[in-house]
Amino acid sequence: MNRVVLLEDAREEARFGSKAVGLGQAIRDGLPVPPGIALSGDIVEAVASGEDSALEEVLRWVRPLGGPLAVRSSAVDEDGADASFAGQHLTLLNVRSADDMSAAVNQVWWSANSDSAITYRQRIGKFTRPSVGVVVQKLLDPVAAGVMFTRNPVTGDDERVIEASWGLGEAVVAALVIPDSFRVARDGRVIETTPGYKKIAVRGVPGGGTVEEKLAKELVEALCLDDGNLQALNELAGRCEQVYGPGRDIEWALADGKIYLLQCRAITKGGK
Amino acid sequence: MRGAPIDVLKRVPIFADLADGELQQIASLFKERRFAAGDIVVQEGSGGAAFFVIRSGEAKVFLGSKEHTTLKPGDYFGEIAMFDEGARMATITAATDLDCFGLTYWDFRPVVEANGVIGWKLLQRMAQLLRATRAQ
Chain A
22 MNRVVLLEDA
32 REEARFGSKA
42 VGLGQAIRDG
52 LPVPPGIALS
62 GDIVEAVASG
72 EDSALEEVLR
82 WVRPLGGPLA
92 VRSSAVDEDG
102 ADASFAGQHL
112 TLLNVRSADD
122 MSAAVNQVWW
132 SANSDSAITY
142 RQRIGKFTRP
152 SVGVVVQKLL
162 DPVAAGVMFT
172 RNPVTGDDER
182 VIEASWGLGE
192 AVVAALVIPD
202 SFRVARDGRV
212 IETTPGYKKI
222 AVRGVPGGGT
232 VEEKLAKELV
242 EALCLDDGNL
252 QALNELAGRC
262 EQVYGPGRDI
272 EWALADGKIY
282 LLQCRAITKG
292 GK
Chain B
7 MRGAPIDVLK
17 RVPIFADLAD
27 GELQQIASLF
37 KERRFAAGDI
47 VVQEGSGGAA
57 FFVIRSGEAK
67 VFLGSKEHTT
77 LKPGDYFGEI
87 AMFDEGARMA
97 TITAATDLDC
107 FGLTYWDFRP
117 VVEANGVIGW
127 KLLQRMAQLL
137 RATRAQ
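As they're listed, the protein sequences go chains A and B. Mind the numbering: the first sequence is residues 22 to 293 in the numbering used here, read in order. Mind the numbering: the second sequence is residues 7 to 142 in the numbering used here, read in order.
Among the clues, some could well be false.
[Unchecked claim] With beta-carbon atoms standing in for the labels, derived distance ranges:
| # | chain 1 | residue 1 | chain 2 | residue 2 | range |
| --- | --- | --- | --- | --- | --- |
| 1 | A | GLN252 | B | GLU91 | 50 to 56 Å |
| 2 | B | MET95 | A | ASP30 | 43 to 49 Å |
| 3 | A | ASP30 | B | GLY27 | 39 to 45 Å |
| 4 | B | GLU91 | A | GLU233 | 55 to 61 Å |
| 5 | A | ASP63 | B | GLY44 | 29 to 35 Å |
Hints listed in this document are in silico derivations from the structure and should not be mistaken for laboratory results. Beta carbons are placed, not taken as given, at the ideal position from N, Cα and C, and that holds for glycine.
Pulled out of the complex, with its shape left as it was, chain B reads as follows (with noise of 0.2 Å):
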């Protein structure tokens, strides 16, 4: 199968505001990647360049080391690592065997800085999805 599916990516806050055919253009960079149960999928503070949504299997996020939340398909993880190639900010483990939709930094970036338009709406996104961090 190639890419994901653009449904599974239009749940994606960061990718809402984006038309069907930037969406697809992003889709189709993605690759999947399988976890099995109990690997440890992202590592806090380690550096990373994947972003990945669920495609089937459920993951545990940890905050340190207390639990924080389950997540399941449809879900995603990882985001901020395709923007400031800073260090993963949970620890995410595989709770069930996991299949996820992956999508790297060399992927993402190039379609980013060539389209001024997805560009700007990630932008807007971001700053609401800031906005309404602070607000919390």
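Bound conformation, chain A alone (with noise of 0.2 Å):
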């Protein structure tokens, strides 16, 4: 049984996590998601422990994505759900060749087992071993990032929210900016819009890692889409909503002209 496979053939919620299979199946079903591979929770473990073989499995699927890289958390609980721990587990951006992979997988195990993931294990009632399986992507260097939600989550309004800011989508999702938003029509009328104020992109630096990067003053309140990009993340809605399901929490980016799908879960707070 493979304990490394493409992105696309992830298929096991309970080896892999829902991550991964999650961005299997939008693969499968033709949505743009970067390429990339999927490592099974025992294999991760097994590079944690500093097992050489586990770790040259893991550099023959890696080495072919070359760098820089993306290397996210996919955590399988015994329910197979990987959306309640959301943001209890590590993602690490800009790993700069298969040769830091090690570091990364050991970080992402630790990070499942981190006293505030384990904190919150406690609260819900999960004290139990934690699996993680991980995801490594080429990592986008995005003009523009963010999310976008099929619905509008605080008024459950059937139109979709976008906020979007410079450089890679973690200056929306640690809320490092104030983004641009967006609220689109399901027929792509462009409802409001408005500027944010965004100080700072987040970057890959070449030694590996981001930094937050001080922005030219004129890109501050300057709109980081125009028509044409938002008419492309209607379009992704539509798919995703196809796909999985109405209610979707999508993480995007746009580079080389191109929406790309980061992930999508469903919307887990407010709306009707």
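Can you join these two chains into the complex? Each is in its own frame, and there are hints to help.
Here it is in structure tokens:
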């Protein structure tokens, strides 16, 4: 049984975690997901334990991806669910090469055993051994990125709510900026555009990891998406709903003139 | 690198009575864990399921807001969580970049449950540490 597979071949949540399987399903359904691989929970544990043969197996799959890489946790719990652990486990961006993979996988494994993750597990009554898979993808160098709700998560209205900022989406996810925000009707009509206040962009640095780069004054309040981008995002929202069902919370990135899907999960808060 | 050197573990009081073979069994379960200077390693009051021995670097221990001591290579922390699933009793921050060997509750418990000799030695050592604490 393969402990590492291409993302499109990740089908078992109990082995690879729901993030990996969700992205695999997205690729199988033709959604624009960056290429990558999925590591099962047992090989993640073996690499974290310092097993040379496990690391070599992972590296054989990682090397063809080139670099830089995004290394994301894909938690598996006894119910095969991942969403409840969102935010507890680690994502490492801009891992520069296969050689840095061992430390990155070790960090992801420990993030599932960190005190904050254990506190959370105790709080929800799951003080059980965590298992964490890993998704490794080619890291994009996006012009802009952010999140999109396929319906309004506050009012429940049938409209897309998009938040965007320059560079990697972590600026939006980690609330490091006031993002541009857009409301787009299902038919593509732009209902509302609100420029944000984006003083920094998160970008990869040559030595690995990311940096908060100060933005030029003219970019701080300039919209980072145009109408064409919004139409492409609206189309992505529709395709995600066709594949996964209504009410999706999407992470996306705009790179090389194309919108990529980075993550798609159910909206977990608010709305009607 | 796989596991922790048993020489390092021999200096940890709760493991002091274990034979080399028993210690080797436990040592092989440790995984390396690194923290950056300034990281909060352990937060008083939070849950925890891992025990650490410092390989290199230094860490500061706080009880409440008061700095208590500095831990150096060979020192250890978090051992109570290996037994009782309770809250962390101190806050520990990485004073420098910190390289540790870590052992989780999930790896440790099955070894103790499967090996009564190891369990008994640990129990004796815990009792001695309790007496020593009460005598202070």
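Hints, verified against the model:
1. Between A/GLN252 and B/GLU91, the C-beta spacing of about 53 Å keeps the proposed range 50 to 56 Å intact.
2. Between B/MET95 and A/ASP30 the beta carbons are some 46 Å apart, a value that agrees with the proposed interval 43 to 49 Å.
3. For the pair A/ASP30 and B/GLY27, the beta carbons lie near 42 Å from each other, so the given range of 39 to 45 Å is met.
4. Checked against the given bound of 55 to 61 Å, the beta carbons of B/GLU91 and A/GLU233, roughly 38 Å apart, lie outside it.
5. The supplied range of 29 to 35 Å is met by A/ASP63 and B/GLY44, whose beta-carbon atoms lie about 33 Å from each other.
Checked against the numbered hints given earlier, this structure breaks only hint 4.
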